[in-house]
Each structure stands twice: as C-alpha cells, then as structure tokens.
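Trainee: Mind assembling these two chains? They're in different frames, but the hints should get you there.
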Amino acid sequence: MHDDRPLILLVEDEPQIRRFVCAALEDEGRVIEAASAAAALEAFSGPGPALAIIDLGLPDRDGVDLIRELRSWTQLPLLVLSARAAEAEKVAALDAGADDYLTKPFGVQELRARVRALLRRQKVGAGETVIEFGRIRVDRVHRVVTRDGAAIHLTPIEYRLLGVLLANAGRVLTHRQLLQDVWGPGHVERGHYLRIYIGHLRQKLEVEPARPCHLLTETGVGYRFQLQDCAP
Amino acid sequence: MTPSTQAPGVGAYLQAALACVATTLLTLPLLGMVDAANIVMLFLLVVALVAVWLGSGPAILAAFGCVALFDYFFVPPRFSMAVADMQYLITFAVMLVVALVIGQLAARLRDKARLATAREHEMRSLYGMAKDLSGAIAADQVADILQRFLKQRLEVEAVLYLPDAHDELRAIPVRAPGDGRQPHVRAVYEQGQPMHLAAEESRCAPALALPLVSPLRTRGVLLVYSDHAERFCDPERRPLLDAVASLTAIAVERLHYGEVLQQVTLDMESERLRSALLSAVSHDLRTPLTVLVGLADALTVSRPELPPSVVESAAAIRDQALRLSGMVHKLLDMARLQTGKVVLNREWQPLEEVVGSSLQVLAQLLAGREIRLELASDLPVLEFDAVLLERVLCNLLENAAKYAPQGDIVIAAATAGDLVEVSVADSGPGFPPDGETRIFELFERGRQVGGTTGVGLGLAICRAIVEAHGGRIWAEQRAAGGTRMVFSLPRGTPPVLEEEAGA
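So the sequence lines, in the order shown, correspond to chains A and B.
Counting in the working numbering, the first sequence runs from 15 upward without gaps.
Counting in the working numbering, the second sequence runs from 917 upward without gaps.
This is chain B alone, in the form it adopts within the complex (with noise of 0.2 angstroms):
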C-alpha cells in the first residue's frame, strides 16, 4: 500500500482550482495597495501549497490557473485576457516557469515524504516481526508470527517448511497429505533459489516458495500464497518479502543451535551421571567382592589347618566370589563400551605381546590344556588398544575353554590382504547351525551346556571392541569339529623406526 503510486482524485483538481479562485478573491482588494510583482509572489506561494498539500498534478493546474487569473483580474486592460504593456508576457512567462517548477518540486517533496513515513512503518513492523521471533522458542511460533505478519502487511497467507531429523520438510501449520506443492517446495529447498508456483502446476492458489538461507546452508523454505497472485508478485513488495524469509531463516538457524545446545547438555549430563552410577556400582560391588575373595582365600590356607571340608567350601566361596567379579566385570566393559564413546589407547606394537599376556591372565583357567600357537613369522606390528585386546583374546579363550572342555585350542594369526586375522580355535561340539551372527548379540549363548555359566556377554564384548578398532569379528566351524572365532584387524601403515646404530 505504497502511498506514491495513489494517483490524486478529481477533487484535489477541483481544490486547486478552488485555491486559486479564492486567491484572486482575497487579493483584488489590495490592488492600488500592492504592487502587481508582490501579487505575483502570493500566486506562487499558493502554488507551492497546492504541490505540498495536493500533489504534482493539481499544482500544475493550480500554476495556470493562477497565470489566467492574474492576467485577468490584475494586468491592465482588466477583466480582458488582453496585454497592453508586453512587459507582462515577460511575467507570465516567468511566472509559470517558476510556479511549475516549484510545484514539481514540492510536490516530490511531499511524495518522498511519504515514501519515507511508508518505509518507517515497514521497518518497524519489520522489527516488531524479528523481535517477536527472537523470543519464539519453537518452530510453530515462528510459523504463527510469519503467519500473522504477512496476513496483515501483504494480505497473503504462508507455510513453513523445515527439515526433519531425516531432512524430509515438515510443513508447518500441517498440510493436507496430498500437498502438490511440496516436490516444488523441495527443488526450492535442494537449490537454494525461490521460484514462483502457478495455481495449475500445484493444483492450488498461485505462490511463492523462498528459500530460509542461512551462512553456513538452506534451513528451510518459506511458502507465501495467494489468489490474488500480485499480492506477492508485485516487485515492489519483493524486498520486504526477501528481508521476511531472512529473518525467518536467523531465527529458524537459532532454534536450531538451540536445540543441538539442549541435545549435547542433555547428552553430557546423561553420560556425567552414567559414568558415575558406574564408578558407584563398580566400586561398592569391587570391595565386597575383594573381601569374600580374600577372607575365603585365608581360610583355605589358615593354620592349623581347617577340616578338608571346610577347606573346599571356603575354596569354592573363593572361586565363585571370582567368577561373580568377572562377571560384573564384563556387564561394567559392556556397559562402558555400549556408551559407544570409548576411547581407544592406541599404540603401535606387536600382537605377540598381547597373545602372551592373555595367557598369562588366563594361566590357571588353561592349566593343563595344550595351547598351540601359529603366529606367523612376518606379523607386522599393529595399533591397537592393549588392555581391550587382551579383553577380546581372554574372552575368547575363556569361551573355548568353557565350551570344549577337551583339546587343544589353537591361537593363530597371519596376513590377509590389508588386514591381519587373529583366530581361536577349539575342539569343541560349535555352534548351532544359524548362530554365526546371533552368538555376538548381547545376552546369547552358543549352546546351553550343562552346568556352564554366563550371561553371554562376553562375544557382544568383542564384537564392540573389534568393531571400535575398524575391524571385523565372526565364527566359522572348524572341518576337523569345534568352533573357529576369527577377528581381522586393519595393518595401516607402520611407523618407521630409527635404525639403530651397531644394531
């Protein structure tokens, strides 16, 4: 509703003509009194009124009205359009010159005065606008405000479509399913340019799809409409429908970082309270577990020396107390790995070590079982996290001294492409037929063996380990009869050592 293109009606023309008149009237009676060039003078000044007051039009009227007038009324011969004196036509030459070009002036003036009160308006309503979305703390409100405002400025309703977690666009107020804008809508939103929608091609009022462009990318899209398509075609109204959508896109940007603010708050204090409750259960669980383990322990070697009975209780008190600790140990690793920001401690090294320190571990769970190793000579070294992979080898072991309790078990590794396999293998009775992939789910068990324990954590262990390391975990049947619990790691490439000197 800009002001400037209202063309002035026939009665701004009829009050110029008016001013003139009554201008004429109120000055005859100062003829004789005044000289005809200071008559002159009030004709223009009534001019320039009529410019300020009523428009470039009207003041163009008003400029020859008033030369008519002054010829008639005021040069001798008067009341005759007549000149005796030619000096005269010089005056009125001037003098409407002057009046024209004054009542240009005025009058654009006035027009850019309005220009101007227009455009304040505008601004204000534009910042009442962003006000209102700084404080909105959902996406609804934004779409109310957007709503709201362009209702009342532009007389168009709108639409805001915003991006799911899945990058699909929500609209929002909800649309009807069948919304035959919305692949216009997305081409929008993919390319980041706005594009004028006619009613044929979706079905539905003309509109205008403007992209929400935030610095760093496309926050959205910002659909105005309309059956009165000029209501937003109009290029005038283009700059404050442009200044509208960026606004919307800040405040879409802010909802936005906040709501990843409230995510990550939320996230570090879930985890602040997971690792304490950890650190709690492990600790309050860990002193009694030690204090059975070792009271037990010291009766089985007290002096004098207990009943052989006695003696055995207490030593099986002690050997249950420890397999207790080693399962609370696991369901603490799997709870910690299961967080899945575990931080691996990796170092270069060879896997020979940590081979050898599993069986130490494990020396007296394998006491008496012949393990063969079949270590490749050209192992290279590889990075990995120590204390984890031990983790993975001992549970391994364990499960192949657990399920096979006869034979050997065999630890082999060798190249394979880019990756080395690491296998342990027994002679047990395996796996059931369709449990490659189930045994390393939490909570499963290979096979129910009589009197065997576990809560088959210890395969959903690796796996989480294996898999953190980049590598892959999984079990074959041996041809021979057991099982076969292969894991790969990645080679990567070695760091190259200083050669010593005199080496």
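Chain A with its partners taken away, still in its complex shape (with noise of 0.2 angstroms):
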C-alpha cells in the first residue's frame, strides 16, 4: 500500500523521546529517526522530509549549527526541542533558521498542533492578499486595516511591523528578526522599540490587550502571530 503521509525527520538522541514522538505524529506523518546531526543528513539522500524536529543537545554537532546548515540548501520547516530556561540557546536556534521551539518536557497535543501548524504553512503559503483574524482584516493591496468594517488607523512602522509578523503567521520570530525586518540592520539593538510598538499593535489589534489572542509574546524569545481565534 503506497503511503503518502509526509515524511517527518526527528532528530533526537534519547531513544525513549523519539518513541514517544513516534507514537504521538503517527496522524502527522512517517517519522524517520536519526540518532544524530551526521544520521540527520544521512536522511536526506531518499525521498526530502516535510519537516523536521531537531533536538539542540545532539551528541555529535552543535544543534544550532545544524540548523544553519540545512537552512543554507532547504527551507523545510524546523521545529526545535530546547529546555526551559534555555532562551538564549533558542534565540540561537531561531536566529540560525528554525521556524519554531517546543520547550521540554511537551504533551502530545502540544507537539501535534506545532507539527500540524508547520506542516500547513508549508503548504498554503503567505501569499494572500486579504488575512482575517478574530474581528481584523488586513487588505494588503490596498493596506487598509479594518476592525468590523471599521478603519484602523497604523502608522508606517506599526502597518510594516503587522505585515512582518503576518507573512510569518505561526511561526516564532526573535526579537533581532523583527527589528531588522521592520527597522533595519542597523538597529537590532533597540528592543524596546519593538516591544512599545507591539503593545501599540496591540491596543489597536486586541480585544485585550493585556491577554492577546492574536499578538503572542514568547518570553525571552520574541513574538509568534497567530491567526486563530484563542480558546474561549
């Protein structure tokens, strides 16, 4: 029987969190198994994965700079496993080309809805023109901003910082990414203008502000846009 779920490569030292994995995205994909950074690009010579999941702490390679590797030939989706208060590693890993983390230890559901959330992007694309989220819609022909029918008034810099985050709608984007994408490259070093101008987009975009739905803050890390309404 031809299967044609997509392929998931996991790169991941410990044998008994690879079997978890394993049974866990069994809906999502045929997981391959790779034990370290040189079986990771071992992987590579058959048939290309939709996605993979890479641990930072491989015994052979620096997890990061795995990353920047297959991210300098492929622009397949990369989910990271790191610890919990390891945000300067995932900044790293972030920074290097991955799309997004998961801090350990994760729940089954947790991981599928990344999984699934990667692996959707990778299919539809950012290439529409009108997004909706919650009661916003962005018209990016014409950039107009409404809530409810309602024009929304955002300066230059906050439309182009909306724009930044929705292109990548899911996806965890550093603090340094956004200030170069919106500000430039040459100032990545003036966070708390990013952060004064989110909480802008947010006075205007949230219902609430100080409880986002849409606009996420990932401490220490940077932003994640999330086009789904939040659980009620």
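Bear in mind the hints are in silico, worked out from the structure with no lab data behind them.
It should be emphasised that the depicted structure is a prediction, and the values quoted were computed from it without experimental measurement.
Among these hints, one or two may not hold up.
Stated by the list, open to error - Listed next, the stretches of chain A that the computed footprint assigns to chain B, with coverage defined by at least 3 CB atoms under 8 angstroms from CB atoms of chain B:
(1) 34-40
(2) 113-121
(3) 200-208
(4) 213-224
(5) 227-234
Each residue gets a CB set at the ideal place from its N, CA and C atoms; glycine is no exception.
Mentor: Structure representation (structure tokens):
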C-alpha cells in the first residue's frame, strides 16, 4: 500500500523521547528517526522530509550548527526541541533559521499542534492578499486595516510590523529578526522600540491588549502571530 | 653603630706620638746624607699615614709633634728649639699647614670609607630582609622576619598590626588583650603619619609607630619599642626604620593581593563547578521527565482507546511528572539565583506584556478562574528582565490559584511615586498572622493546606528576582479576606522614542 503521509525527520539522541514522538505523530506523518546530526544529513539522501524536528543537544554536533547548515540549502520547516531556561539557545536556533520551538517537557497535543501548523504553513504559503483574524481584516493590496468594517489607523512602522508578523504567521520571530525586518539592520539593539510598538499594535488590534489572542509573546525569545482565535 | 661617631681613644694619640718619635729615630742617621727638605717629606708622610689609620685628632697631634721634633733634632743649632737660619721658620709654617691639611683630608677620607662600608652593610642586611620578605607567604612570617631583623640591627622589639576583614587591627604576634597602644596604633593607621609613643601614654615601653603606606592605602602599622628610646629615636636610624616600613608595606600588599587572587580563583572554580553541576543535574532530570510526560500523555490519546481507568492513571502520571518538572525548575532557578551572580537581561518594556505572557503560560492552571486585570492606563514602560519577571508573576499566580481555590484573582498595577506597584490578590484564607516576612524565606510555606503540594520555593524566588531589580516584595491581608502580594519596581528614566513621521 502506498503511504502518502508526509515524512517527518526526527533528530534526537534519546531513544525514549524518539519513541513517544513517533507514537504521537502517527497521524501527522511517517517519522524517520536519526540519533545524530550525521544520521540526520544521511536521511536527506532518500525522499526529502516535509519537516524536521531537531533536539539542540546532539551528541556529535551543535544543534544550532546543524540548523544553519540545513537552512543553507533547504526551506523545509524546522521545529526545535529545547530546555526551559535556555532562552539564549532558542534565540540562537531561531536566528539560525528554525521556525518554531517546543520546550521540554511537552505534551502530545502541543507537539501535534506545532507540527500541524508547520506542515499547513508549508502547503498554504503566504500569498493571500486579504487576511482575517478575530474581528480584524487586513487588505494588503489597499493597505487597509479594519475592525468590524471600521478603519483602524496604523502608523507606517506599525503597518510594516504587522506585515512582517502576518507573513510569518505561526512562526516565532526573534526580537532581532523583527527589528531587522522592520527597522533595518542598524537597529537590532533597540529592543524597546519593538516592545513598545507591539504594545501599540495590541492596543489597536486586540480585544483585550493585556491578554492577547493573536500577537503572542514568547518571553525572552520574541513574538508569534497566531491567526486562529484563542480558545474561549 | 655607625663608626663615624666613635671618638679615637687615648691609645690613638699615644700611637701618633710614638710614630713621630720612631720617625725621628729612623731618620736621624740619614742626617748629612739627605737634604733637610726630604726629611720634611718623610715627616709629612707619617702625618698622612697617622691620619688614615688613627683619625683627625691624632693627625693634629702628629703634625705639631713632627714640626717640634724636626726643629729639635734636625735644624741647626741641633738639640735646641732655637733656630739659627730664619728661613726655617717658613719651612716650619708650611710643614705645619701642609701636615694639618693632609691630616684632615686623609682622616675625612677614612671616615667616608668607613661610612660607605657601614652603609653597604646596612643595605646588604636590608636587601637580605627584603629577600626574606619576598619569600614570606603569611603575615606571621613577615612579622617574624621583621622582629629578627630589628632585634639584630637596632636591638629593638617589633610588632606588626594588620587589619582583618572588618578593618580591625590585629597584632602579630598577638598581644595581651589590654594593649594600651592599640588606640594610638589605630590613629596612626587612619592618619598614615608616624607617631612617637612615650612610655606613660601607653603604660608600656616607649615606642614608635610607623604606618605601612602602599600606593593605594595604608596597609597596617609597624610598632617598634624598647626600654632604650634612643635606639629608635636617633635621627640617624630613622632612614633605616622608614626603609623597613616601606619594605614591609610592599610585602603586606603582596600578601593581600595573593589572598585576593586565591579567593578569585576559588570563586571561579566553585562557580564553574556549580554551573557544571547545575547543567548536568538539569539535563539528567529533564530527559527522564520529558520521556515520562510524553509517554504518559501518549497513552491518554492512544488508539484504540484504552479503558477509562488506564487513561485516568496515565493522565495522573503525566500531571505528577509535570508537577515534578515544575519543582525541579524552581530548585534550579533558586540555585541559580542564590549564586548572587544572576545577570539581568534588562530591557525597557510595557508591564502589560509580561502580565499577558504569564497568563498565557498558566492558561491551563487558571482555566475556569476569573482573572481581573486592573492595570492603570498611564503605566510607564519599565526596565526589567522579562523572563525573570514572568517567573515572579507565574509564581504569585500559582500561589493564588493554589491557596485560594475559589474566587477571583486580581492583577493590579499602578504608579506610586518613583515606583510602580504590581499586585496579585486572591480571596483565599490569607497567611498566618506573623507570616508577612517568614513566607519569603526558603522552604517556608504559608499555610499547610491539605493536599496542597509545594516546597516553599516560589516566594523566595520572587523575592530574589524582585530584589535583584532594585524592588521590594511584601504580603498584605485584604480587608475583604484573602492575600494581596505586592511587589514594587523602580520607574527609572525610560528612553525617549524617536517620534515616527506620520504617526
């Protein structure tokens, strides 16, 4: 029987973690296991995987280094497994090109949700001209943002920031990436600008700015834009 | 014991006189064969030799003696002090003056040579002491070397006073408790000026206290004492004492930096060990916990569905493993914070953001609870470490949820002067009456609630983080019942944002 489930490459040196990740992702795809960075690169000789899950603590190589190498020739979504209290490690992995991360320990639902989101992103792409989330509608051709049909005024920087977030919906963007994309390469040290403008955007777009549904904070790492409404 | 001060004894004068007589006896047979002018030369030579060997006094005696003997034995009429040829008067005058001048010069040369030898000796002994001091690795050794040197060279006793960690002066060797000199020594230490202590002032032998001045600060005091005050009061001995004091200052300073270096090395080593241990422990605990949570969770959603009781058990295993993981994280957080060297990653940001992210982190725990936000609309941006402050808010919210299982939770924030006060209030039973400060101690729990788990780390972590930010954390009883945990953060001076064109 032909198996048309997408291939998911799992790079993790701990066999028990591989075991439950395989079990958890049975519905999402077919998991190829690799216990080391070398084995991971080996896996690309066959049919290419649609997604890679990479543990940052690999025995033979720095995980961030592996991500950088993969990113140099493939756009496949990369999900990182990392420890709590290792924000710097996560930021390094994301800056190197990872799309998202999961903090250990994590549950099955969480893992599945992330994997699904990344695979879907791969399918849909970001070419839509009109994007809707919550009560907000963003018309990217006419550069108009409305809430329930009423126009919302955004400053040029706010609009640019929203644009970058929307184009990367579902992904975690680090402070550095956002500063670079919105303000330019010379401004990566001005973290407070970013935080304050995110605050402005939340005031204008979120129903309850202190409890955002779409413009989510990944503390110590960056921001994630979520198109789906949050659970009631 | 400088030799220049030593006066020549009677013996020296006797020797000088004998030398003159001997010269006369030896030169008498030459009379008639040698011209009188050459005999004068021989006498001058003797005066010079006397000056070199015996000093200036005997040289003067020899000068006069030689002139008299020359007159008596060699100048006609011989064997009489009378002079036939008046020209000889000029000979006598010149001979006397030349003898006196040569004698004085030679004697001075001799004294200088002796002084130089003595100085060299002194330098040699100082050098020897400096060498000994440079090998000393403890204050006791320094004091010992000093004592030996001063005893040997100046016959005085010495005590070294060095400050301890609290800047109290400690005597080496240890003095009896009622050391009457201590206050004076303290004054010398503080003012950095030497001081003479008379016997009656300190009820002990007269003493001289010299500060040990190094380029940066006074490192201690050297006290020399003796029943014979002249042994250290003599101005000629002061340079030596000052030199000893500065050599000691250098030695003490070297010891001090040696200790500092050792402490730093030790700190670095223990810090390295601690962080290596922490990361090893956190890795070794994390992996099995990740597996446990993951496998148990996988069971709860496995297909075909497992019997409900099994699913329930699997969920319980997962929840307990998560709780254990939370506790491990708290322990590791505390261990990191307790090193006292947490590097705050401070950034200017709205407080609102970290409130939102904390609620997001605890979404599952707080599901079904009503959370009211009362954040003042005019809150300024604050400078804080978002990761750590999120931990504070999460710990406070967790506590509120744990100790007040019902009722709403209120998160409030408002400015209060130079501070911003943030509070998390619940409507639970509150904390014990005397517990306001105790609950922030390590491993202290507010109230033993049946079935409520925890190790009392949360609030200790909160306090460490808030204090690292220059703030304060405290607990209040709510009038309506319940606990209100408040922490303050300094407002500081927020950076000015460039206004955006078209804003």
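Trainee: Are 3 or more residues of the region 213-224 of chain A near chain B, judged by a Cβ distance of less than 8 angstroms?
Mentor: holds (count 5)
Trainee: Within the assertion that chain B covers the region 200-208 of chain A, do at least three residues meet a Cβ-to-Cβ distance smaller than 8 angstroms?
Mentor: It holds: at least three residues are needed, and the region 200-208 of chain A offers 3 whose Cβ sits within less than 8 angstroms of chain B.
Trainee: State whether the coverage of the region 34-40 of chain A by chain B holds or is violated, taking the criterion as 3 or more residues with Cβ-Cβ distances under 8 angstroms.
Mentor: holds (count 4)
Trainee: In terms of beta carbon proximity below 8 angstroms, does the region 227-234 of chain A have 3 or more residues touching chain B?
Mentor: Satisfied; 5 residues make the cut.
Trainee: For the region 113-121 of chain A, does the count of residues with a C-beta closer than 8 angstroms to a C-beta of chain B reach 3?
Mentor: Coverage by chain B holds for the region 113-121 of chain A (4 residues, Cβ < 8 angstroms).
Hint check: no violations occur; every hint is consistent with the structure.
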